[in-house]
Structure formats: structure tokens, C-alpha cells
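Protein chains in written order, with the numbering used here: chain A, 506 to 1246; chain B, 57 to 412.
Treat the hints loosely; a few may be bogus.
[What the hints assert, rightly or not] Here are the simulated distance ranges between beta carbons:
no. : chain 1 : residue 1 : chain 2 : residue 2 : range
1   : A       : V638      : B       : R177      : 39 to 45 Å
2   : B       : P190      : A       : M657      : 51 to 57 Å
3   : A       : L580      : B       : P190      : 30 to 36 Å
4   : A       : V638      : B       : E401      : 58 to 64 Å
5   : B       : N140      : A       : E552      : 43 to 49 Å
Derived from the structure by calculation, the hints contain no laboratory data. We treat Cβ as the ideally placed atom computed from N, Cα and C, and that holds for glycine.
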Amino acid sequence: MARVLTVPAGRVQPNLTLLGWGGVTFVGALLLPWHRPGRDLFTFVAEATGLALAPSSPVILAILMLAAAAALTGLLPRPEAVRGRAAVFAGAAGALLTIGYTVAARRPFSGAEVAAVLGFLSVLGTGLALTGVLRVDAFLAGSILWVTVFVMIFILYPLWAVLQAAVVVKGQLTLAVVIDTLTSPGFLLVNNPATPRNETAMAATVGGIAAIFVATVGAVRRRPVRRIVGWTLGAGIGAGLFAALYLGYGALRNSVLLAVIVGVCATGLGFVFALLAERSRLRTRRLLGPFSILPIITPPFVLGLAMIYLFGRRGFVTHGLLGLSTSVFFGPVGVAVAQILAFAPIAYLVLEGVVQAMDAALEEAAETLGASRWYVLRTVVWPLARPGIANAFLLVAIESLADFGNPIILGGGKGFLATEVFYAIIGRFNPNEAAVYGVVLLGMTLSIFLIQRYWLGRASYVTVTGKPSGASPRPLPAALDLTATAVFVLWAVLILALYGSVFVGSVTKLWGFDYSFTLKHLRDLSPQGWNVFWTTTKLSAYAAIPSTLLGFLIGYLVTRTEFPGRTALEFSSMLSFAVPGTVMGIGYILAFNQGALLLTGTSVIIILAFVFRNMPVGIRSGVAAIHQIDRSLEEASTMLRANSALTLWRIVIPLVRSALLSGLVFAFVRAMTAVSQVIFLITPQHNLATTQILSYIEYGSQGRGAALASLLTVFMVLVILVLYLVNRRLDIGAARELAQT
Amino acid sequence: MNGRGPEPGAAIPVRLERVTKRFGRVLAVDDVTLEIPAGLLVTLLGPSGCGKTTTLRMIAGLEHPTSGRVFIGDEDVTPLPASNRSVTMVFQSYALFPHLTVFENVAYGLRITKVRDAALRAQVGAVLELVGLPQVGERYPAQLSGGQQQRVALARALVMKPKVLLFDEPLSNLDAKLRKRVRAEIRDLQQRLGISTIYVTHDQTEALALSDVIVVMHLGHVEQVGSPFDLYRKPATRFVADFIGEANLLPGRYAEGMVTVGPYTFAFRQEGVHAGAVTVVARPETVQVATAGQGLPGTVRSAFFMGTTIDYLIETPIGEVSASAPPRVTGMLPVGSDVRLQFAEAGLYLLTEDGR
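With the sequences and hints as input, model every part of the structure.
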């Protein structure tokens, strides 16, 4: 019955992938230059091509031969496993030789290195797939290698450079800078000898009082002894530390205190907003979305600038209306207010998901057991929301620590960690000191990131069953609803007033002195302001595409494939979420300022900074979207002879296109509004809108700063509106496709 | 065939050699060796978690064995990715691409293998007609009923003219009535096309109705391979006896053509069984219930009138025995009646103790 089909041995199809990548590598290494004379990446030096160098350089000759060998392997009439082993050898040897040559030559890399490294990695990936070492096909294997190399060069290496600069000064390993910086009063001063009071004693007293109070309460309520001891120690140490910080001085104290206060307030606001959005019976909740997106899509320091306009020494409210001449809001208080207003939406977006995921059936169950709505809120909603609230707090704390724009505009000379990094380089020309500040800041944000990810990740109660109960959300108690709405309206009015003041400021002659109308500032933007605006748009657009695609690809790799080091790759690529922009900035300066990887002073380094800074946005939205797709769709495509590249292109991408588009737009917006990571990287030729606004403000032309900031804000709002409309059309289209008839 | 659809005659076998699959610490498939004959419909049957789907996915190339080899025909396909094996699969969820029309869904694989437009149209049209859906080409999958989606998934797999066709629980999303009809259609189509087919299910009635050969799997290994009739009549292990159909598994002894269960001894001969302890496999429909005479004594605990039969649960000295008796024999016996049970020779099978 069975006529067995045998595959005739020796008739093996040519492997076009190997042939193609080997060929690309060979041509690139032969015709592109291996180094460049200056910073410009795209200079073509005829005497530096492989063709010109090969006769005198045995290494380049070897590289060319390996590339040719890789291409010929594809034509070799041998089984795939044998070709695979040959490709692994050629790819690995070629990539290592290329890297070795580049590092040893100490000359800025050029096109040939890029082509050779990426080409050899693809050959290696194809080989690993053919030999079955990586259980994925050639495209995914190559992608894994590419992504790994990118993450190592553009995320891990700059961080390493910062760590290194903190302890290596002029080639010497020394802890001197670390010790000097950490003991300087600018960093932290607990006991100020210039004041008559003894801060340490006062902090100890506060801690003691808190401990005694908690212990007494615990004893009265007859709690178990072990819990009382724990709570007492916690409260005593916590209160003591907080008091010490409050009484102390220095950048560390300012940043930590700011992060704690902003974290608590912004999270509180965010929780109130989340409850409103999900549970309010009032129409005002519809305004939550549009209002809360505004601070997210504008540079955070726009609010800082507006604070000066409204509440500064000549502020419209403080001076114009109230007749005061106060500088209360010029300093840490102002920074705190600006950050609270700006970061509340971040907490809101996190907590909205948490409140949304809460099963209303639980609350209904509690109510049928006789609980009042307040009681339910206290005993069901709050405990369920607690992990989410901690999560939001930590995210806001990271944002606050990392924020650069508000402290530099409103700080009033008070040092913060993020700004000290800047002043150490720009003001004191001491990159080592900057690195120490950077390491401290990085250590703090990184530990928060780790807590948030690994500790809280397990503590969440949400989505226990995943079974929708169909119960509609319970409305808030009327009193709470009204109070919360009042808080929201107050916040919204403040936000409106602040943004409004920037818009008005851009057409006002001299804010605080002469409020007459003028178009002078807008006119003055030409030509410099407009050029900068155009450069920013261009670079952000260039960065958004690779950033989204790379993020999406990583998201796909970590959710859908298994390979050694997958978790490490996921962790390192998400790392740039936790790395403050200023730290990333000095990392890039330190890493790419000389030698083979010279990139500073070019527009490429700005694009790269954007790409790798915003990649986590793409990863997150990619992972979320891919989880929505039934895995068997991709398997069906594979069974129908499609390789993974085709499956991605024809099945996955069409199904996630609206998520992809959102990711693209947000990567663009984040790049347009970024300040801290690029402030060290800009040059007069490649200035960016945000840094230009900062320098306008710094050099006294606030009006022009306001004009450019307004322009940026309007542009961002328009971009988001277009995204919203396009995505709605996409969704309608998708709905039509999926419609039941 | 009328020249439409895949050509018959190229059926080839599938062979698994000592295949093992681990997921981390979990042993999903444990040293399975299996020969799947060409042109037949073979079912992998077992409870969830028995390794049947993993086995299927290793044949498909969607999972790779931790050790062992997979052969399709004479070719060792173990290192080949799914896209390079001449195998297609119908998924449990159908996995129809929601953003493509029915026509484009079916044409998907042909487009990838670069079939020319005219040939492509002809082939897609023919296969849609083959599955009885010639008019739905321009619709999207969500606009079809469950049964229609199922057939589109089948058409999409057939159009590639696979050497082996795989089914992963294809009927589990259909309602009971439709399931019976589609089951018959699949069987009919497979018979006409003669493609080697491997079908995974946990539903033993489905397996009995469809298969030429059933492979019963349990805890990652193969319990028994055989025709549906053999499995039902001569289960190799207690697990198979229990899983395929309903069965009473009674402790007994065998000696010289005589079987003893509890106080009752009767004549029964089975080749190859040595004297000693045995497990008596008695299907409920072969347990005869009488109110008097010879037999295993017992008391009726419950009685359910099912229409064609009455299902009794009877307590005996060696445990509870279920029996399905035709109502016309005794009428319906009231609960509490004392009865005698006898076993029809045709439905009886003895398992020796090593049958687990």
C-alpha cells in the first residue's frame, strides 16, 4: 500500500540565506571604507576600502576570505548540518576578526565594519539555526544575535563606561573621587556645623517618638509581639531617616525627599483619578483622558516654566493678583509642585488598569454580606489596589529622581542628583565626579526598578481568575465622588492655567512687567528656532522607526522563542527604562567619545540615544499586543511553509498594526520631548527643541522659550490627535473584517 | 476524485524512534517508539496531559524531541523545521488568519510556495468545493459558523497536498450534533484521498468511530496500539480497559478454564493466561442481571431508565458492578432487589497482574 518516497542523497538545494549574507558581507567589506578621517560617519575614503587595504593587511584579507567562504558554503552540495557547521565557523571567526581589527586599529569605525559585523552575525545565526543549536530559523537566530550586540554596545557598554569613570581617573584605579564626592556637603550633609541646632539628635528624637507611639498603639490593640517589634523598628528608623533628610542638606537629600513627597502625592492623585475614571457617576470623568495625556506628551519642564510664569517672583498669580514678591516656588517646593502635576497622570494610567481589573463581583459579594460602601472600599478595594499603588509610587519615584528639566529650571540653585551630573560636567569639567553622581542615581533607580519588577510582580492579586464576572463596576459613595471630582477639577484648572500661561507668555511682551500683546517672540524664532524644531522632528522621526521595530522584535523574541540568555536579553533591554536620562547621557559621552566607537558630535549618536532610550516602549507594547494573538496562528503559518520572517510580515504585523502605530508615535513623541539624555550630545549643528528652550530661558529670552514650547506642545497634541483618528479608522476596519454577519 | 484535490497513492508512513520530550523537569513524552502505517487514519488517544498533543507537534515540527528521531517516509526529519516537512495540520482553534479572507487563508501556503496565479485560483477553488464551501471565498473567517471555519481549516491544510495530515482535537469547539457530522465528513474525505492522517483526541467515542488504528497514550508513554475493535475487546492494560468504553474491573482468579470472582465460579477459557490472580474486564452491556439462579450475588443500589437500556449499579461482595440490561428481560428491578450476575462470554476479557 505504501509507496515510500525517499529523498535522493546529494541533491541539496543551495542555501540562499547563506549565499546572500556571505555576499553582502563580502561586498561591504570590499567596497566600503574601514575607517574615516573625522567624525562624519558617511565620508567615503577610497584608500580605506577593503579593496585598497587587503594587499597590505592580512587581517582584512582573512576577513574577505571568510566572507567569501560563507557565501560559497551556501552553494556547497552538502547536508544542511554540515553547511551549518561551516557557517558557524566562518561567521564567528569573521565577526571576532572584524571586532579585533577595529579595536586594535583604534581608528573610528566606518561602513565596512558595520557591514562585516552584521553580515557575519547573520551568517553565524544561520549556522546556529542549521545545526540546531538555536531551535529557531535563520531569520530569528540572526535577529537574536543582532539584538544582543546592539544591547551590549548601546545599553550595557555606556553604563559600564559610567561605572568605570567613577573609579578610574587618568588610567589609575582610585576611590578618591568616590570618597571626595560622597563626603562633600554638596552631596549630603546631615549635621550642619553652621546651624546652632544638632540635626542628628533631633532626627533621633523624632525616630524615638515615632517608635514609642507605634509600640504603644500596638500594645493597646493587643497585636502579636513579633509584629509590634517589627512595626516599631520600621517606624523608628523610617521616621528618623525622614527627619534627618528633612533637616539635612545636599543633592542626595533633595532628590530623595523630592522623590518620596512627589511619589506619595502623585500616586494619591493618580488613585483618585483612577477611581473617578472607573467608578464616578459624574460626566467630568470623560475629561480625565485628554487632560492626563497632556503632561505625558509635553516636555516635563514646560510645567516648570509655567510655574515661574504663574507663581514666580513676578508671577501672574503671586505678584500680579496677590501683590506678593515671593520665591517660595522657586526652589524645591516649586520643583515638587511641578513634578506632582506632571507625574500624576503616570500614576493614574498605572492605577486605572488596576482598578479596571478589580472584579466588581467581589464588592457585590461584600455588599450582600452587609458591608457599607465605605467599608467595602476600605476592606476590599484598598487591599486589592495596594500592590498597584506601590507600583505606581515606585514608577513616579523613578521619574522624579531622573527628572532633569524641572530641577534645572526651578531648582533655584539647589542641587539635585540629576542636575549635579550636569553641573559636574558642564560647570566643573569633572567627568569622574559626574560619573559618581550618575552611579548613585543609577543605583537608586535600579534598585527601585528591581523592587518593582521582582518583588511587587509577585505580590499582585489582580487577574486571579481571568474569568470576567460580568458585574458592572460599583459606583463610588456620593461624598467621595464629589470630593474626588473637586480634586480633579482643581488639578485640571491648574494644568489649564499653567499651559495657558505658556501660550499667553509666547505672545506677551515681557511677562510680569508688560503684558501687552506681541508676535515678536514667534517672529524671533526664525530662523534658529525653526531650524532646531525641524532638526528635532527629523531626528525623532528617524529614531522612532528603528526604535519601534527593534522593540517589537525583542518583544517577539522574548515572548515567542526560547534561547539561552533570553531573560538576560529581556532584562538588559528593559534596563534603559530605569536608567535616568542624564546617566545614559554621560554614558554615551564617555563611551563614544574616542577610539574605534567615536560617535560624539554626529547626529547619529542622538538618533541612537533616542532609539535605545525609547526601545522599552516598543517592547512593552509589542509584548502586550503579541500576547493577544493566538500562538496557533503563527504555527499554522509555519505549517504552511512560511519561515518566521514571512510569518511576522504577513500574520503578526497586520494583526498588531494599531499597537505598532501607537508605539511608533509614542517613540516619536518621547524623542521630541526628551531632554536629559541628549543634553550632553547636542552640538551647535544638531541642537534640539527642548535644549533650545532651556537655553532661551537660561539666557533671559523667556518669551522665545515660551513660544518654542507652545509650538512643541501644539505639535505633540496634533500628532496624538492624528494617531487617535488613524487608529480609530484602523479599529473600525478591523471590526469590519471581524464582524459577525 | 474527478481530478480535484490532492492525488492519492503517494501515502507514506511516519515513524517515531525512542522519542522523548522534556519541558524543564516535566517528562511529556517518555521514550515512545511508534510506526504509523501509510494511508491510514491513526488516532492518538488519551486523557489530557498524556503527551498525545506533544507527540503530534513533534511530528509537525512545532516541538523538537529532547532525544530520539522522527521519520516521515524514509527521511529523518528530526532536524527540519516545521516549514520544511511535507506535513500540514488542522488546529484545535482552527487558527484561521482573521485579517485574511477565506480565499486568502486557503491560498496562503500556495502563495508562499510561489504557485502561479491561475493554478492557485484553480487549486483553491477545487479544495473549497471538496470541503463543500464553494461560495464563501470572499468572506472573513469571523463571518462563518464554527463548522464552516473547521472546513476552511481543513481545506487550507489539504490544498498543500501534504504527505501527512495532522489533526489536533479539531472537533472540540463544535456542538455535539455537528461534531458527529463533521467526524463522518473527515472520515469520508480521508478514505477518498488516502492521506496518512494522525488525529489527536481525548474523546474515546470519536476515536472509536474514526480510526483505522488507535494509539492509547498515558503519562507520556504508549499503552496499546490496535484497531478500535481490538482495543475494546482485548485491552492490554487496566488503563486501556477503563479508558475505552465503560468497564467493570473485577479481581478474580483463573485456573484451568475456570474463572472465580468472589463466591462465583464459571467456565471461561482464554489463550495465554496462566493460572493465578487476574483482573476480569466485563463491559456493562455483557453483565446479565437475573433475579435467581447461578451467578455473582448482589443488591441493586440504583437503577436508571435510559430508554434502550436500564443502567444498574449493583453492590456485590467484590465491589460495585455496573450493568446495562435491556428492559425487556426483567422489567425494571426496584432498588434493594437481590440479584445474580452472569457474564456473557463474548464480552469478557482477562488481564493478568502485570497489566498494571
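Inset, instruction - Go ahead and decide if the range 30 to 36 Å is satisfied by the Cβ distance of A:L580 to B:P190. - result: Taking Cβ atoms as reference, A:L580 and B:P190 lie about 45 Å apart, which means the hint is violated.
Legend entry - Range hint compliance [Cβ, B:P190 to A:M657, 51 to 57 Å]: holds, 56 Å
Inset, instruction - Confirm or reject the claim that B:N140 and A:E552 have a C-beta distance inside 43 to 49 Å. - result: holds, 46 Å
Inset, instruction - Return holds or violated for the Cβ distance of A:V638 and B:E401 against the range 58 to 64 Å. - result: holds, 60 Å
Inset, instruction - Could you say whether the range 39 to 45 Å given as a hint is met by the Cβ separation of A:V638 and B:R177? - result: The hint (39 to 45 Å, Cβ to Cβ) holds, given that A:V638 and B:R177 are roughly 42 Å apart.
The structure fails to meet hint 3 from the earlier list, while all remaining hints are met.
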